[in-house]
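Colleague: Letter by letter, the chains look like this.
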Amino acid sequence: MRITDKIISRNLTGSVQKHLQDMESLSWSASSGKKMRRMSDDAVAASRVLELRSEVRTLARYEKNLNEAVKHLDYVESQLNAANQTLMQARTISVQGASDTTNAQVRQALADDVQKLRERLLDIANARFGDTYIFAGYRSLTPAYDADGRYRGDYGERKAEIGPGGMTLGMNMNGRDVFGGTVRGTEHLTTLRDAAGSALGVRAGDIISFNGDIGGTPIAGTLTVSDATTLNDLAAALQTALRAASIPGSGITVTVKEDGGLRVDNPDTAAFPPSVIINHLQLTVAGAPVFSAAFPFPAAIAGGNDFAETPPLRTDSDAFAVLKDLETALRTDSATGVNDQIERIQTALDRILRARAEIGHRVNKAELSGTHITEMEAVVTRLISDEEDADFVKTLTDLQSVRNVYESSLAMTANIYRTSLLDFIR
Amino acid sequence: MSFWVSLETGVRALRAFQMALQTTQHNLANAATPGYSRQRALLEPTLPYLAPEGFIGTGVQVGTFERVRDRFVDYHLQTETATSGRWTAMQKIYSQLEVVFSEPTERAFASVMNAFWNSWEDVSNDPTDMVARSNLVQQAGTLADGFRQMHQRLNDLRLNVDREIRAQPQAINDMAKKIAQINYQIQSVEHRSIKANDLRDTRDKLIEQISEIVNVQVLESDNGSVNLYIYGHPLVFEKNAFEVTAADRAGSAPPMAELRWRDSGELVNARNGRLKALYDMRDTVIPDSIAVINQLATGFIQRINAQHLSGMGLDGTSRIVGALDFPGVLSSDRTFHLNDIPVNVMAGDDLTSIVARINNESARTGVTASVSGARLVLSVAPGSSRAIRVTGDADGLMEDLGIINPFFTGTDASDIEVSSAVREDPARIAASRSGAPGDNENALAIIALKNALTMNTGSATFSDFYNNAVARIGMGSQEAARSVENTGLVLEQLENLRESVSGVSTDEELLKMLQYQRAYEAAARLISTADSMLDTLINRTGAGR
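Keeping their order, the protein sequence lines are chains A and B. Under my numbering, the first residue of the first sequence is numbered 1, with each subsequent residue one higher. Under my numbering, the first residue of the second sequence is numbered 427, with each subsequent residue one higher.
Bound conformation, chain A alone (with noise of 0.2 Å):
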């Protein structure tokens, strides 16, 4: 091939240029440390570094909801441990007060001690951590308990995203669980009491009868008590018997409400018009009308989502409930009113004793999470640093190698360009 002097330049110029741009990538590498600065640099490489860098978001998102998960449940625990230590003082003063050597006197003085815990104990039931009422589930604007110590919370559980696929941890606990109050359906009739406290008096052994009719066809169903009967068990009793004395396939449903009462609904129209109703439903035992006070249903319920509703039942070991009963006891001077209560003080006791367990629990959950994702973490950001980050040593030996190629290649060119038959030419 011929050579001529432009090709000479022209390759001079073409190696300096890729020479100087792989100088500059290389010194850009070696101080910014990455290996990439635009996407075209190595696009695989780069669709991975994002997604991998939205793993490491998320992973970093889930344990900053873990870590303010863990400080709700630390606040709770506390509480806990507060409202344990409340009413152990209130258990010791129930076995003082319940002793036959203690006289009225001391007992005025006890009852003054138990109306102090028991406002003790509705101060931690109100206990907020922020602007939120812990205790009261999703109404947490507004306290879990009234003066009366009536719940005024719901059931919600907030939640905290810890995981992926949903994997949630509970930030609260709802009053009901730790202090009692209103029923949700799992408690056992025998223990149930009615809106004024009043125990239902249901025994084992009863036999539950539903009567009534509807549309004129009676209504017959009975259920047998036992001491592991629940509430939901006579809402479900409750409802085939009321399906089954009106038109095949109607839709009557009987729940437990939030509150702890009963609701009857009859939300099918169609199946269910709305000349045809309830016109009346006691429930008896041994055929004496029972429960009047805590299962009034209306006389009359309509199709058409029409519905009936009885006042909230309560538990018998209700923190609130149980103090109240003692300091009456205590007041009235009734060893054996206050001896009653020493048991119904352990079912309190032993409510948080389980909810202090629930709370471990979810602590143990949230410390595996956090350890699973802190080593995520680390692994996944290893993988980031595999694609983006650019090898110190190799980029700086790089770099001094395309310098020491740079510097030849003009060394050389400047002396091909220093001969020529000019100067051989007298």
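The hints are simulated quantities; they were obtained by calculation from the structure and are not laboratory data. Check the hints yourself; a few may be wrong.
With a straight-line cut-off of 30 Å between C-alpha atoms, the simulated DSSO-like cross-links for lysine-lysine are [what the hints assert, rightly or not]: (1) A:K18 / B:K604; (2) A:K34 / A:K394; (3) B:K604 / B:K621; (4) B:K665 / B:K631; (5) B:K665 / B:K621; (6) B:K631 / A:K18; (7) B:K665 / A:K35; (8) B:K518 / A:K34.
Please arrange chain B on chain A, whose structure you already have, making use of the hints.
Modeller: Structure of chain B alone, referenced to chain A:
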């Protein structure tokens, strides 16, 4: 045979070598001129004359000045220049496209999306925290701005490319005219063996420049003209140039230009060169990116709104003031559920009638309605533990009244915005499902959309979809960059090859210079020798003695 012939031979040689030297000079002077091809004086013997003894030579003359050029390399160079022009233009626009997305840097759109989801998580962790809610409104605003900005930038880029396309006819027409002119000059100057070498060089350079813009077919005719064709249609024929012009494409909005022949109105068929790249980027690559951004924004608007509408704001517990005025009357019957109780309103109802209908059911719903200004107000009795819960708003009445609010308004990336109701009062962000203030179920449901397969008919998450789109642009850009490099190498090879044939080597020319100089000296010596021989003959022979 005469001495005069010898003298004549010497003079011819002197002239020939002078001309050859001048060519060498011309070459040396143009050693750095781009597009210049070295020229050669082709020396040839003059016609001999026939003496009785045989043919006797009469010296040298310059037959022709030849331009050293390889047509095959020229043809290759033209094709490769078109390809190189195409990839170079593509890479330039791709790199601008990359700047719009500015991935994989940390401040890119992916982080904006992430910040948006993070704000939802903050609201979810404490739904009653107004700071978290305000922050979410801010971040959602940033996200919406990001969408609109990207949409705007992509559209601007597309319009810039269109503007560049509109500028091409000027360049093409100018060069075509010049080539036609040179054709005319060459035709009038050249005849037989005389070649207009320098004009040809200029013309070749112009053809190469035109090739960079659009692929041309080059046919040289016997009379020295070159004719250029763009897929069958002549651009230059002999001394005539055919103009191209930019015309708005029918039915394109905003108007997009395409190149047409001025005479026939037919489309200029560009299959290579810069023009092809501009068309591809403007009509395929950039619109694809715009479509991706639009789909993503539409996905955000639709999916988040659907979930948001089924939730309740912070004010959902006891009193909700509608966010929108309702001055008119209903045009059709509508139904919605208040605390699970259906409420029917009729066509022709105004706000007062709607209030009356809601209040008719208030014994069962526990909710009373009133009017404030032109807005509906729902409330429950003071001290009641009941919440206001709106469900089953299939007819969108509660949405029209602003009782429940969409999170975003708009339809795609061009007009996405956080709804004015939410901006006005962040308490309207529907984090709650039940209406209770501490309820975060709806917020969690919205956050779940982050990892839900919402895009591409249920095969990708929002971020998958975005990442894929960005990766596609990255790969396109990478391919363009690599092709620029490859065609660059091929071009360099070809140019070196051409340089090797046509280029001026100073050493070579200097050698020739010496050669011609010596030959000139020899010829001069020949003349003086002939002269002295003549002198001997005339002065020393003794005719007069």
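Colleague: Now tell me if each hint is right for this structure.
Modeller: Against the structure, the hints:
Only pairs whose Cα atoms come within 30 Å are accepted, and A:K18 paired with B:K604 is rejected, the gap being roughly 35 Å. Pair hint A:K34 plus A:K394 holds up; C-alpha atoms about 12 Å apart against a cutoff of 30 Å. For the hint linking B:K604 to B:K621, the alpha-carbon distance of about 19 Å falls within 30 Å, and the restraint holds. A hinted pair counts as satisfied when its Cα atoms are at most 30 Å apart, and B:K665 with B:K631 qualifies at roughly 17 Å.
The hinted pair formed by B:K665 and B:K621 meets the criterion: a straight-line CA distance of about 18 Å does not exceed 30 Å. Between B:K631 and A:K18 the CA atoms are separated by roughly 26 Å; this keeps the pair inside 30 Å, and the hint holds. Restraint check for B:K665 and A:K35: the C-alpha separation of about 55 Å exceeds 30 Å, so the hint is violated. Between B:K518 and A:K34 the CA atoms are separated by roughly 23 Å; this keeps the pair inside 30 Å, and the hint holds.
The structure does not agree with the numbered hints 1, 7 stated previously, though it agrees with the rest.
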